[in-house]
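Assemble the dimeric complex from its two separately framed chains, guided by the hints.
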Amino acid sequence: MTDEPPFGDTTTAPFWEGAERRELLIQHCEACGAHQFYPRPFCLACDAPDPSWTTAAGRGTVYARTTVHIPVDPALEPPYVVGLIELEEGPRLVAALHGDPAIGEPVRLGWREREGAPPLPVFSREEAAD
Amino acid sequence: MVTEDHSIYVAGVAEAPLGKVPDHTELSMVALAAREALAEAGMTLREVDGVFVNYMGEEGSIQVGEYLGIQPRYADSSDLGGGSFEAFVHHAMLAVAAGHCEVALIAYASRQRSRRNRAMTFAQDDSLMGQFEAPYGLPLAIGQYALIASRHMYEHGTTPEQLAHVAVTAREWAKRNPKAWSRDALTVEDVLASPPISEPFHKLDCCLRTDGGGALVVTSAARAKDAPKRPIRVLGAGESHTQWHISQMRDLTVTCARESGRDAFARAGITPADVDVFEPYDNFTSSVILQLEDLGFCAKGEGGAFVEDGNLLPGGSLPSMTMGGGLSYCHPGALGILLLVEAVRQLRGEAGERQVPDAEIAVAHGIGGISNSAAATVVLARD
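Heads up: the sequence lines are chains S and E, in that order.
Going by the working numbering, the first sequence opens with residue 88, and the numbers climb by one from there.
Going by the working numbering, the second sequence opens with residue 526, and the numbers climb by one from there.
These are calculated hints, taken from the structure and not from any lab test.
Note that the Cβ used here is the ideal one computed from N, Cα and C, for glycine as well.
Treat the hints with caution; some may be incorrect.
Partner residues aside, some chain S positions facing chain E, computed with beta carbon under 8 Å [unchecked claim]:
1. ALA151
2. THR153
3. VAL181
4. ALA183
Partial list, derived from the structure: chain S residues whose beta carbon lies under 8 Å from chain E [as the list claims (entries may be wrong)]:
5. ASP96
6. LEU112
7. CYS116
8. TYR125
9. TYR150
10. THR154
11. ILE157
12. VAL159
13. LEU163
14. ARG179
15. LEU180
16. LEU207
This is chain E alone, in the form it adopts within the complex (with noise of 0.2 Å):
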C-alpha cells in the first residue's frame, strides 16, 4: 500500500503587471496573474476553491471570487499588512491539509503608483492613531519604521552607511532583473547623498512607489504531481503581529520575526544555515537588517556588518533581495507575494541571470502594519 503525501505545495506563481499600469484595474490585473499561476499548476479557474486576497476591497475574497467566479469553500482576507501573503500560505497549507480546500489561490494587485492614492499619514479623527500619533506628523510607515532604525542605530552602533549597503546589494540584484524598475548602478555614496526623508532615511534607502501584483497557487501533492511546472514544497510557515502603535512596540529593535521564524524554521525542521535563498521584506533598508537579526542569519546588532561584509550579494553566503527587493525591483504597496513568487522561481532554477546556483531551500518572510506590527515566514523547498 503506498502511503499518501501529505506535504502541501506551491504548483504555480506569477507576477502581475509591474511598474506602470495605467491600463488595468487591480481585479483585471489579479485576473491575469491567477491565470498564469494556474497554468503553471495544470489547473484553470473553475478548479479553484480557497481564495486568500488582501487589499482587494471591502470583503476582498468576495470581490475577487465573483471577478474570477470562484465560490470559494474557504474564503480568507486576514490583514496582516504587506505580510499578509506569507500568513496565507501558512493558512492554505492548513486548510489543504485538513480537506478544507484543495486548490487555494493566494493574490494581489495594486495600483497605487498610477492612482497615486496613497496617504502620506493618518487622519486625525478620533481613533487612538488620530488622537495620539497622528498629529506630530510621522509620514506614514516612513517615520515609524525610521524610529525604529534611529534607535537600532543608537543600541548597536548600525551606521548610515550600512543602511546605504542594503540598497546597493538590492540594486545588485535588481541589474540582473529585466523585470526591475530600477537597474542603474547605485553606490554607497549614491543613497547618503539622496535627499533626506525621515531621518535616518534618505529617499534611496525607502522602496518604490509601483504598481503591480502576483499570484500564487497552493495545493496538495496528489494536485500537483501533473503540474507542467515543478511544484516546490511548503517546508513550515509561522506568524504573528504585536503592535500597531509604535508607542506600544515593547522594543524597537526586536520585531516578532523572532516567532515566526522561530516556528516556521522548527516546522520545517531547518536552521538558518540551511537557508540557500532568503527574500526579505525590504521597504525599508533597516527592515532587512532587523530580519536577519531576528530570524537568527546573524546575531543581534550584527545584521549591518552582516550585509556590509556582501553576504546578501550574488555569490554570498546568503543571496537575498534577488529579484532586486522592493527598493529596486517593484513595490506595489504590499510586497509579500512578490517574495514567494521570486522563491519558487529561485527554487525551480528560472530565475535567469539572477540565478543561485543550486537553490534547495528559500526563506520568504513578510512584515506588515505600519512598524514591524506583523511578520509571517514561509520556508519552501525545492524536492
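Just chain S, with the same shape it has in the complex (with noise of 0.2 Å):
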C-alpha cells in the first residue's frame, strides 16, 4: 500500500527522505548556528528546541578508518573499509568509504542502494567521487 510509514521515526525521518532524494540532511540551530548529527528534537549546542534542517555540501575529510576482514553481515563481503568521517559542517557519522582513503584525505558523498530501505551514504576520495 502506499499509506506505508516514513523510515525511520520522528526525529530521523527526515534524515532518511533526504536519502532518498541522495541528499545527506543534517539539523542546523537557527538559534547558535550549531550543526548536529545524528537527529535531536533540541540542540546540543545551546539546547534550543526544533533545530532545522539543512543539506550538508556533501563534503568531508577521513577522521578514522578500518578495514574490516571478518564477515559480519550477509550483505557486505570483507574486506570492506569503514569510516567516521568529519562533515565539513563540523558532525562526524560512521558510514561506507570507497577507494581506500586515508586519515586526513579529503572524501565527497556518494550513496549506496540498499533492498527495502533508504539508500546509505558512502565517502569516496575527492576525485573519484561519482
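Below, the structure is given as C-alpha cells:
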C-alpha cells in the first residue's frame, strides 16, 4: 500500500527522506548556528528546541577508518572499509568508504542502494567521487 | 574514646570457574564465587545486605538475590558495561559509608564461550544504532575500538608493533599464572602475523572470549577486621561515561578515564607515581595505551613507547595486567571484576610467581560500552 510509515522515527524521518533524494540532511540550529548529527529534537550545543534541517555539502575528511576482514553482515563481503567522516559542517558520521582513502584525506559523498530501505551514504576520495 | 574507622575494605575476592565452563549456569558460577569470597571475609551469604551485579539477566540483582537467598537493603544493577564492577566498588563504598548496607556483594559470571551467544553486530532496527551505525558492518566493539586505534596512530604515531607489545606483555604475565588461558611464548612478530580482523587489529590484538566471572565483598572497617584473609582498603574511586555511538565521541584519542582517574586519585590522595600495580582493561591492545595516558601514567601520545620500553613487564616501573589480562588470562565478556580480584591478591601478596614485590597501592581501571563509552577507576591499598 502507499500508506507505509516513513523510515525511521519522527525525529529521524527527514534524514531518510533526504537520503531517498540522495541528499545528506543534518540539523542546523537557528539560535546558535551549530550543526548536529544524528538528529535530536533539541540543539545539543545551546539547548534551543526544534533545530531546522539543512543539506550538507557532502564534503568532509576521513577522521578514522578500519578495514574489516571478518564476516559481520551477509550483505557485506569482507574486506570492506568503514570510516568515521568529519563533515565540512562539523558533525561526524559513520559511513562506508570506497577507494581506500587515508585518514586526513578529503572525501565526497555518494550513495549505496539497499534492498527495502533508503540508500546509505558512502564516501570516496574527492577526485574519484561520482 | 576510640574514633570510629570509616574506611571501606574489600574483605574477600574470588574467581568463578574460568575458561570453558560447560557444566554450570551463570547463577551457579556466581554462587561458587560469592561463597568463596565471603569465606575469605569470614562471612556467609546470610550477612549480605547489598547486591551489585551486571549482565545477570533482566533485573539482574533480583535474579541473583533470589538465587543466593538475599533480600538486600541496597541493590544496584547499573550497566557501565565491563567496567561496571569498578563503578560498583565506588557505589558500594558510598552505600556502606552511609550505612545503607554493611556487606556488599559484587558478582558476575558469563558463559559466552560455551554459549557462543556473542553478537557480531547490532541489529539494523529502529534504534539510532540500528539506523545510523549498524548498517556499515563494524564488528561489534572490535570495529569501534579499531577506529579509535586508527586515530591514535594517526595523531600520535603509535605503531602496530607498539600495540603488539601490549599483547606480548600480557602473555609474559600469563606465563606466570597457572590459571591463564594462553601461556605459550608470544612475540611481537607472532601478533603482527596473526590474521587481520579489523585494522589495525590482528587476532592477537583482541581479547580472549572465555567463560568466567568472580565476586568481591565490600564492607566496613568494623566488619572487615575479623576476616581470615587480609582486608584491602578502598582508597578512592571515580566513574564517568561519555557516548554510546562512536560518531558522538568528541576526541577518539581521549577517554573519560581522565575524569574517573582524576576523581579516584584525588579521593585516594595519591598520584600515578604512587601506584605499584596497574590492572588496565585490556579488551584490545590499544585500550591499554589510552588508559596509561588518560590516567596520567605517561603523557598523551606516549603510551605506545611507554609499553614498548617494558614498563608494564615483570620488573618494570608499572607492572600491569599481572594475571595475564583479558588478552591472555581470561575475558568473560566483562573483565572488570577480575581486575579487582587480581589487584586485591597482589596487595595481599598472594600472587605466587607473578607477585609484584612489596605492592602497596594498586589501581584497577574498568571501561565499558562499545567505544570507551564509560570508565571507572578504583584505588586499593594495603594497610
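Verification of the hints:
Here the hint on ALA151 (chain S) is kept, as its CB sits about 4 Å from the closest CB of chain E, short of 8 Å. For THR153 (chain S), the interface hint holds, the least distance from its beta-carbon to any beta-carbon of chain E being 4 Å, beneath 8 Å. For VAL181 (chain S), the interface hint holds, the least distance from its beta-carbon to any beta-carbon of chain E being 5 Å, beneath 8 Å. Taking 8 Å as the C-beta contact cut-off toward chain E, the hint placing ALA183 (chain S) at the interface holds, the least distance being around 6 Å.
Given the 8 Å rule on beta carbons, the hint for ASP96 (chain S) holds: about 6 Å separates it from the nearest Cβ of chain E. Taken as an interface hint, LEU112 (chain S) does not check out: its beta carbon lies about 12 Å from the nearest beta carbon of chain E, beyond 8 Å. A distance limit of 8 Å between C-beta atoms decides the matter here; for CYS116 (chain S) the minimum to chain E is near 16 Å, and the interface restraint is violated. Satisfaction of the interface hint for TYR125 (chain S) is found here, the shortest Cβ-Cβ separation to chain E being roughly 5 Å, below the 8 Å cut-off.
Hint on TYR150 (chain S) holds. Least Cβ distance to chain E is approximately 7 Å, under the 8 Å limit. Hint on THR154 (chain S) holds. Least Cβ distance to chain E is approximately 4 Å, under the 8 Å limit. Because the beta carbon of ILE157 (chain S) sits about 6 Å from the nearest beta carbon in chain E, less than 8 Å, this interface hint is met. The closest approach between the C-beta of VAL159 (chain S) and any C-beta of chain E is roughly 4 Å, which is under the 8 Å cut-off, so the hint is satisfied.
With its C-beta approaching chain E no nearer than about 4 Å, LEU163 (chain S) sits inside the 8 Å limit, and its interface hint holds. Annotation: ARG179 (chain S) was flagged as interfacial toward chain E, and the flag holds, the nearest CB pair being 5 Å apart, inside 8 Å. Checking LEU180 (chain S) against chain E by beta carbon gives a least distance of about 5 Å; that is within 8 Å, so the hint holds. Against a cut-off of 8 Å between C-beta atoms, the interface hint on LEU207 (chain S) holds, since the closest Cβ of chain E lies about 6 Å away.
When each numbered hint is compared with the structure, violations occur for hints 6 and 7.
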